[in-house]
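Visitor: Here are the chains, one letter per residue:
2 protein chains.
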Amino acid sequence: MPVSLADLGEVGVIRRAVRFCPSVSPLLVRGVGDDAAIIRPSGQRHLLLTTDLLVEHIDFNLNGWTLDRVGEKALAVNVSDVAAMGGRPTLFTVGLAIPARARPAQVDALYRGLGRAARRYGVALAGGDLSASPSGWSIEITLLGEVKPGQALTRSGAEVGDRLCVTGTLGDSGAGLDLLRANTSRRTGLGAATRSLPSRAARFLVERHQVPTPRVAQGRALASRGLATAAIDLSDGLASDLRRLCEASGVGAEVDLRALPFSSELLTYARAVKRDPATYALTSGEDFELLVTVAPANLARARSLNVDGVPLTDIGSILPRRAGLRIIDRRGRRSRLTASGFEHFR
Amino acid sequence: MPVSLADLGEVGVIRRAVRFCPSVSPLLVRGVGDDAAIIRPSGQRHLLLTTDLLVEHIDFNLNGWTLDRVGEKALAVNVSDVAAMGGRPTLFTVGLAIPARARPAQVDALYRGLGRAARRYGVALAGGDLSASPSGWSIEITLLGEVKPGQALTRSGAEVGDRLCVTGTLGDSGAGLDLLRANTSRRTGLGAATRSLPSRAARFLVERHQVPTPRVAQGRALASRGLATAAIDLSDGLASDLRRLCEASGVGAEVDLRALPFSSELLTYARAVKRDPATYALTSGEDFELLVTVAPANLARARSLNVDGVPLTDIGSILPRRAGLRIIDRRGRRSRLTASGFEHFR
Chain U
1490 MPVSLADLGE VGVIRRAVRF CPSVSPLLVR GVGDDAAIIR PSGQRHLLLT
1540 TDLLVEHIDF NLNGWTLDRV GEKALAVNVS DVAAMGGRPT LFTVGLAIPA
1590 RARPAQVDAL YRGLGRAARR YGVALAGGDL SASPSGWSIE ITLLGEVKPG
1640 QALTRSGAEV GDRLCVTGTL GDSGAGLDLL RANTSRRTGL GAATRSLPSR
1690 AARFLVERHQ VPTPRVAQGR ALASRGLATA AIDLSDGLAS DLRRLCEASG
1740 VGAEVDLRAL PFSSELLTYA RAVKRDPATY ALTSGEDFEL LVTVAPANLA
1790 RARSLNVDGV PLTDIGSILP RRAGLRIIDR RGRRSRLTAS GFEHFR
Chain V
1490 MPVSLADLGE VGVIRRAVRF CPSVSPLLVR GVGDDAAIIR PSGQRHLLLT
1540 TDLLVEHIDF NLNGWTLDRV GEKALAVNVS DVAAMGGRPT LFTVGLAIPA
1590 RARPAQVDAL YRGLGRAARR YGVALAGGDL SASPSGWSIE ITLLGEVKPG
1640 QALTRSGAEV GDRLCVTGTL GDSGAGLDLL RANTSRRTGL GAATRSLPSR
1690 AARFLVERHQ VPTPRVAQGR ALASRGLATA AIDLSDGLAS DLRRLCEASG
1740 VGAEVDLRAL PFSSELLTYA RAVKRDPATY ALTSGEDFEL LVTVAPANLA
1790 RARSLNVDGV PLTDIGSILP RRAGLRIIDR RGRRSRLTAS GFEHFR
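Residue numbers (this note's numbering), protein chains in the order written: chain U, 1490 to 1835; chain V, 1490 to 1835.
Simulated from the structure, these hints should not be mistaken for laboratory data.
Hints are not guaranteed to be accurate.
To be verified - Selected chain V positions facing chain U (Cβ under 10 Å, derived; list incomplete):
id: 1; residue: 1538
id: 2; residue: 1576
id: 3; residue: 1582
Claimed, not checked - FRET-style restraints, in silico, Cβ to Cβ:
id: 4; chain 1: U; residue 1: 1713; chain 2: V; residue 2: 1827; range: 51 to 61 Å
id: 5; chain 1: V; residue 1: 1592; chain 2: U; residue 2: 1532; range: 42 to 52 Å
id: 6; chain 1: V; residue 1: 1756; chain 2: U; residue 2: 1504; range: 37 to 47 Å
id: 7; chain 1: V; residue 1: 1812; chain 2: U; residue 2: 1706; range: 49 to 59 Å
id: 8; chain 1: U; residue 1: 1827; chain 2: V; residue 2: 1492; range: 18 to 28 Å
id: 9; chain 1: V; residue 1: 1812; chain 2: U; residue 2: 1713; range: 54 to 64 Å
id: 10; chain 1: U; residue 1: 1748; chain 2: V; residue 2: 1495; range: 31 to 41 Å
id: 11; chain 1: U; residue 1: 1649; chain 2: V; residue 2: 1638; range: 21 to 31 Å
id: 12; chain 1: U; residue 1: 1802; chain 2: V; residue 2: 1736; range: 36 to 46 Å
id: 13; chain 1: V; residue 1: 1529; chain 2: U; residue 2: 1672; range: 18 to 28 Å
id: 14; chain 1: U; residue 1: 1672; chain 2: V; residue 2: 1515; range: 48 to 58 Å
Heads up, the beta-carbon is just placed ideally off N, CA and C, and yes, glycines get one too.
With the rest of the complex left out, here is chain U:
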């Protein structure tokens, strides 16, 4: 193994990357290794295009993380955006800023994680760019996907009277992040409480944070059957993402907190740290579940899809815009939704 990136050079780094990442696709006329990739789009499909950036010390921290998980997550969060459009992910590019002190084995680990996620979601590496970094790692992925014309789920199609539904369980990722922080710092004050948590539950929550599961099959099933009117993926917390969907659709909404789906692991953890699991769902980001709106006539059919055994839970309703955003709390009291989710510049 070469001892430094200088030994390898840029070409060497790229050559190793391609060993770890699938880079062949029927869509690729020409992939990694030219000035640009050449893509033969599938006939009669619209393309989806999304990009997401993960920055060290902001979006992740190498205390408690391994670079292969960073790679895996960087691709997964992009796949989640394509899932929220009801599409199929196809090809991706990677822009990577590598700290000068990094070792080749670290770069390999990152691409190994990317490759694992790429195989899982059936996508291929189409190109990329490398730079040295004067500080930490940063990884930017751009992902292409495809969808049949007219089938894409947007944020703007919700209608008054629609039911508001989510896939999977909420809040796990935020609790996982708390656990990571408790393990690497004393500041959270959660150390003692979390040490009493069963290690299986702690592992589950940390994994939900580090290796999210984008709901591609669920999004495609809803889109291809025309069962959802709008969709968004939960990247910044239910409060923020619901607000975005409602603004784009020009509607209000009411969420019944008693209906939110929680994992048994989150309930155990929330009890241990004496926090309300609904707070994690509303304000912690990165659950990467889908928030979708469904016409009441389609609700039973949408819920019965049960794709891969992942439930679709009815958590509220779409209201006229003037109603704003409301919650029904555990005691059945209605109030205005004031919480907000993750925000980069706060």
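On the provided structure of chain U, position chain V as indicated by the hints.
Guide: Chain V in isolation, oriented as in the chain U frame:
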């Protein structure tokens, strides 16, 4: 004007960005503001996909730069990759890491530069992502383009006997970078010599470094008429990029340094600092001219295109692989090409 990014928030930053950048295109079914953009590909076209990353303190430095030039260049270097494929650029995304201390006016400046380049090259913003940065700025652009099937210029089509040609003039960008450094540090020792340079010449060279001119029209003219067998854009210096083209094509090459096209400004500068202009051409990156190979029978026609008055200069020939890479120096002596260009991890 808001005093801080925290006042604006992510949504506010994006809203301002869209004011500066064109974001409408006949190809966009849906652009900025959803989980992914929805694109209606032009019928019967192949897509081109490329990505480039600019990192502060590595690829640029805010001594001597303004953020609107950084934005302009970030898009231009991607457009150059599409030009090297003989394609037409169409849509782009921006991933931006913003230092926490940055002011909204700085973010505006960056998007203003992006917008200026976007209008110049006829491309539209299709989406993006923002993150805070713990250190400097970093900007990653992914660009889509299109080309007729079978017309794309790749690096791998050069054939023995082809002529080797370049657009425009070489070495200007490297001299411009030297001038920038001489103005911001004493280390280069070029201060005294460059102060004697006419300010018009200095401005020209610095502009060639900061605001490169991708050769889109030239690449498209060659590709659509089938006049080039291979192409690459000169991003890392002629020595490195010629090596890449020859490796991809499985050939060798000979460059006649006496034939290299230089601007009068570079010649003036090189005399002042007592350097060989050919060294700038071979080892300094970022000229963003096109290096193309042309069958001898097509040379006169390719040169007579003279698109926008930009010359195409014959600088050498493609040889069998076993010949390796050679130069003919100013005295007509042949030797092996040993120089190499920019490399991130050296």
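Visitor: Please go over all the hints and tell whether each is borne out by the structure.
Guide: Verification of the hints:
The beta carbon of residue 1538/V is positioned within 10 Å of a beta carbon in chain U (closest approach about 4 Å), and the interface hint is therefore held. With a cut of 10 Å, the hint placing residue 1576/V at the interface with chain U holds, because the nearest CB-to-CB distance is about 7 Å. Using the Cβ-Cβ criterion of 10 Å, the hint placing residue 1582/V at the interface with chain U is satisfied: the shortest such distance is roughly 4 Å. At about 58 Å, the beta-carbon gap between residue 1713/U and residue 1827/V stays in the expected band of 51 to 61 Å.
About 48 Å separates the C-beta atoms of residue 1592/V and residue 1532/U, a value consistent with the hinted range of 42 to 52 Å. A C-beta distance of roughly 39 Å is found between residue 1756/V and residue 1504/U, which places it inside the suggested range of 37 to 47 Å. Residue 1812/V and residue 1706/U have their C-beta atoms about 54 Å apart, which keeps the hinted 49 to 59 Å range intact. One distance hint, 18 to 28 Å for the beta-carbon pair residue 1827/U and residue 1492/V, holds here, with the actual separation near 24 Å.
Against the hinted window of 54 to 64 Å, the Cβ-Cβ separation of residue 1812/V and residue 1713/U comes to about 57 Å, which satisfies the hint. Evaluation of the 31 to 41 Å hint for residue 1748/U and residue 1495/V yields a pass: the beta carbon distance comes to about 33 Å. Distance hint check for residue 1649/U and residue 1638/V: the Cβ-Cβ separation is about 47 Å, which falls outside the suggested range of 21 to 31 Å. For the pair residue 1802/U and residue 1736/V, the supplied restraint of 36 to 46 Å is violated, since their beta-carbon distance comes to about 55 Å.
At about 48 Å, the CB distance of residue 1529/V to residue 1672/U disagrees with the hint of 18 to 28 Å. Range check, residue 1672/U to residue 1515/V: about 52 Å between beta-carbon atoms, so the 48 to 58 Å window is met.
Of the hints listed earlier, those the structure fails to meet are numbers 11, 12 and 13, in rising order.
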